[in-house]
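With the hints as constraints, model all of the structure from the sequences given.
There are 2 protein chains.
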Amino acid sequence: MAKPLRVGLAGVGTVGGALVRLLQRRREDLAARTGRDIAVVAVSALSRGECGPGLEQAAFYNDAKALAAEGDIDVFVEAIGGSDGPAYAGARVALSRGLPLVTSNKAMIAAHGLELAALAEANGASLSFEAAVGGGIPVIKTLREGLAGNDVRRVSGILNGTCNYILSRMESEGLPFDACLAEAQKLGYAEADPTFDIGGFDTAHKLAILASLAFGVKIDADAISVEGIQSITLADLAAADELGYRIKLLGVAERTAKGVEQRVHPTMVAKSEPLAQTMGVLNAVTIDADAIGSLTLVGPGAGGDATASAVAADICDIARGDVAPAFGRPIGALEDGERVPMQRHEGGYYVRMSVVDRPGSVAVFAKRMGERGISLEAIMQKRSDMSASASGFVPVVLITKATTEASIREALELALADGVVREKPQVIRIERA
Amino acid sequence: MAKPLRVGLAGVGTVGGALVRLLQRRREDLAARTGRDIAVVAVSALSRGECGPGLEQAAFYNDAKALAAEGDIDVFVEAIGGSDGPAYAGARVALSRGLPLVTSNKAMIAAHGLELAALAEANGASLSFEAAVGGGIPVIKTLREGLAGNDVRRVSGILNGTCNYILSRMESEGLPFDACLAEAQKLGYAEADPTFDIGGFDTAHKLAILASLAFGVKIDADAISVEGIQSITLADLAAADELGYRIKLLGVAERTAKGVEQRVHPTMVAKSEPLAQTMGVLNAVTIDADAIGSLTLVGPGAGGDATASAVAADICDIARGDVAPAFGRPIGALEDGERVPMQRHEGGYYVRMSVVDRPGSVAVFAKRMGERGISLEAIMQKRSDMSASASGFVPVVLITKATTEASIREALELALADGVVREKPQVIRIERA
Numbered sequence: 067m068a069k070p071l072r073v074g075l076a077g078v079g080t081v082g083g084a085l086v087r088l089l090q091r092r093r094e095d096l097a098a099r100t101g102r103d104i105a106v107v108a109v110s111a112l113s114r115g116e117c118g119p120g121l122e123q124a125a126f127y128n129d130a131k132a133l134a135a136e137g138d139i140d141v142f143v144e145a146i147g148g149s150d151g152p153a154y155a156g157a158r159v160a161l162s163r164g165l166p167l168v169t170s171n172k173a174m175i176a177a178h179g180l181e182l183a184a185l186a187e188a189n190g191a192s193l194s195f196e197a198a199v200g201g202g203i204p205v206i207k208t209l210r211e212g213l214a215g216n217d218v219r220r221v222s223g224i225l226n227g228t229c230n231y232i233l234s235r236m237e238s239e240g241l242p243f244d245a246c247l248a249e250a251q252k253l254g255y256a257e258a259d260p261t262f263d264i265g266g267f268d269t270a271h272k273l274a275i276l277a278s279l280a281f282g283v284k285i286d287a288d289a290i291s292v293e294g295i296q297s298i299t300l301a302d303l304a305a306a307d308e309l310g311y312r313i314k315l316l317g318v319a320e321r322t323a324k325g326v327e328q329r330v331h332p333t334m335v336a337k338s339e340p341l342a343q344t345m346g347v348l349n350a351v352t353i354d355a356d357a358i359g360s361l362t363l364v365g366p367g368a369g370g371d372a373t374a375s376a377v378a379a380d381i382c383d384i385a386r387g388d389v390a391p392a393f394g395r396p397i398g399a400l401e402d403g404e405r406v407p408m409q410r411h412e413g414g415y416y417v418r419m420s421v422v423d424r425p426g427s428v429a430v431f432a433k434r435m436g437e438r439g440i441s442l443e444a445i446m447q448k449r450s451d452m453s454a455s456a457s458g459f460v461p462v463v464l465i466t467k468a469t470t471e472a473s474i475r476e477a478l479e480l481a482l483a484d485g486v487v488r489e490k491p492q493v494i495r496i497e498r499a
Numbered sequence: 067m068a069k070p071l072r073v074g075l076a077g078v079g080t081v082g083g084a085l086v087r088l089l090q091r092r093r094e095d096l097a098a099r100t101g102r103d104i105a106v107v108a109v110s111a112l113s114r115g116e117c118g119p120g121l122e123q124a125a126f127y128n129d130a131k132a133l134a135a136e137g138d139i140d141v142f143v144e145a146i147g148g149s150d151g152p153a154y155a156g157a158r159v160a161l162s163r164g165l166p167l168v169t170s171n172k173a174m175i176a177a178h179g180l181e182l183a184a185l186a187e188a189n190g191a192s193l194s195f196e197a198a199v200g201g202g203i204p205v206i207k208t209l210r211e212g213l214a215g216n217d218v219r220r221v222s223g224i225l226n227g228t229c230n231y232i233l234s235r236m237e238s239e240g241l242p243f244d245a246c247l248a249e250a251q252k253l254g255y256a257e258a259d260p261t262f263d264i265g266g267f268d269t270a271h272k273l274a275i276l277a278s279l280a281f282g283v284k285i286d287a288d289a290i291s292v293e294g295i296q297s298i299t300l301a302d303l304a305a306a307d308e309l310g311y312r313i314k315l316l317g318v319a320e321r322t323a324k325g326v327e328q329r330v331h332p333t334m335v336a337k338s339e340p341l342a343q344t345m346g347v348l349n350a351v352t353i354d355a356d357a358i359g360s361l362t363l364v365g366p367g368a369g370g371d372a373t374a375s376a377v378a379a380d381i382c383d384i385a386r387g388d389v390a391p392a393f394g395r396p397i398g399a400l401e402d403g404e405r406v407p408m409q410r411h412e413g414g415y416y417v418r419m420s421v422v423d424r425p426g427s428v429a430v431f432a433k434r435m436g437e438r439g440i441s442l443e444a445i446m447q448k449r450s451d452m453s454a455s456a457s458g459f460v461p462v463v464l465i466t467k468a469t470t471e472a473s474i475r476e477a478l479e480l481a482l483a484d485g486v487v488r489e490k491p492q493v494i495r496i497e498r499a
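In the order they appear, the protein sequences are chains A and B. Residue numbers for the first sequence follow our numbering, so the first one is 67 and each next one is one higher. Residue numbers for the second sequence follow our numbering, so the first one is 67 and each next one is one higher.
Just so you know, the hints here were simulated from the structure itself, not pulled from any lab data. All the given hints hold, so there is nothing to weed out.
It does not matter which identical chain is meant; a pair holds if it fits inside one copy or across any two.
Quick list of in silico lysine to any residue cross-link-like pairs, SDA-like style, CA-CA up to 20 angstroms:
no. : residue 1 : residue 2
1   : 337       : 239
2   : 69        : 399
3   : 448       : 300
4   : 337       : 234
5   : 284       : 94
6   : 337       : 238
7   : 131       : 151
8   : 69        : 388
9   : 337       : 310
10  : 284       : 95
Dropping the structure here:
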């Protein structure tokens, strides 16, 4: 058997702790799989007391950077989190030393992944981040290796379990957004400040990483148009249901004639699609590509054990000596992705609005749509909602055929100016298979 | 750039032809990904005329074995099919020469995988067969690498698109088995002799491969209990629907206290499960394991392009120098899986039968179940079927709680002998998440 693989682990929280337990529990099998014993021989944490069982023999550092710089280790595993600070400092030092870096840190990879990959390349090290996207789902390996022969057209995914939990609960229990968010917070699925999750920013970090792997473009998190789920109402969910859709917060990266579109927004997904059937805290990613057609992976997007599963897989690859380029291709082969502004997005739209309850108001609105070349696929006008009617407005929901974001926004602006529509209409993009 | 990877391709049919086109179409990107140019430099086929565009410069052999033995190649790709014959002969010769072998041949791997892996190991070659299971779905890589840190509890999958197409059509169109089979044959989804598919044997081949990877046991296709879908009726599908299930032909390999169970049979799957939602010719595999929890992959299980995608991924791994052991662990580390006879299977059962339409007959039957310790979870007795009632029998459907295969079979034998049940009841196993 080859010499052991000595792991230096920075961070012994939920993910780090689960990893230590996994490596102990599976030690024999991992040695059989990789031909090497894999052991955590050094750790960093704020204090020795944080380290759980199994780390008694490990060298201790109270600083990730010191562990990376001085640890007698073969691989540096970063499980601290945060785009900068000790995680980033440790990562840079480890790669500069030529140590392979394994991380579960989506924020750091989204912000600094390109620079870290370049540093890895320059120092003959490797950079692995399976756990950064989709938790335990091996989506990075799938894009980088499993679908290596494919020209990817689109990657779309439910990448944030908190949002999916809230939307699933709203739909199944008929509870409004705020109640479901409070429930998610109580269950530990959402942070006290939930903005990062429900605002779509966590999804955007992960999407930026997937887009780079899928399309061979440089990571560009700032290129992503981001909308969260805060504005989704029970009325939207009910209308979606009636029209054969579910509403999911998707991250979508898509190659178009104009460049690579990257967007995060609540999305109407046909109920027959695997993404629509993914409920609760689960994550799912669908990859559409020329050879494979369509592939969907569904699994746990978070949690210590699932994330540790992904980290362990990266460690095993390193133990076997398998080090694919971090983003599938060498840094020099990555292209500058052409940013496509959201205004140029083409697709179908769901629009829900309050229309003035008088003859001809829908006609005025329809005319504005027609002027912008927008064809309607479906229109639902319900008079059953008496309170709405009594207020002088009736709810109207419509589904457009493919049009551009700019066209739909202009048509709605004009309708507002015409005075036939009350307030800002709800607009949700439709994603078709 | 490293020296080119010279591919020798045996077989230029659906898969081989699609592979040639893929390697040409993606040549530049594959070179960026692997650091090497990948080119088919030699082929074998029955005649030169079979070779499509792009193979004009390739050396031609009319015998796979000759290509494997004499070809000036770095990797031997077998796309002929069949467990023995030229595919097997070529594979053996290539591995004996120390050439990496890539194959899409599930029949050959199910029959000779262990021997070929040993041959590979002895000659410092590699054996790759991503395309042998689940077509384009990277399930081999996922089990071998992506979930390397997991203790797998169960692998269950829809592994035959023909069966899934037929069951999906029966359900959606209300057409009987024979009509849907004829339709599948017309569309080219089923062979003229469909026994291999609908009898469950194709699924069994694939399951044997997955079980070896999942549990580190030697491939043992003969250990698999196999039942096909021929006996499934519209009455079963209707009852399943009412009870919240769909019927799928699953291959299931499961680690139990008694050993590794391997079975292929029509299965009741709760509609909320991803496997139940997989319709048409799609394949899907769910892997339950300690760290990941549950992971499902859904995609195309057949077709030239999807299969070529998997073959290309294997070739890319070889080009990058990544050669994991064929079954995840070295041959010496694979265990003899303890065979578990189907009679010892434990689980819930669906039973549909015709019960004599007279007072007490259900009680007689229920007594027999009770004697064998079988608890019922649900019972449906419908008198709406007038023709059945007029015949003196009424259809009864019941769902049992967990029991053993032996118990349920005995209870049904006794009920038949009691004369309260007509003919052999329909028995379908229930798979719970």
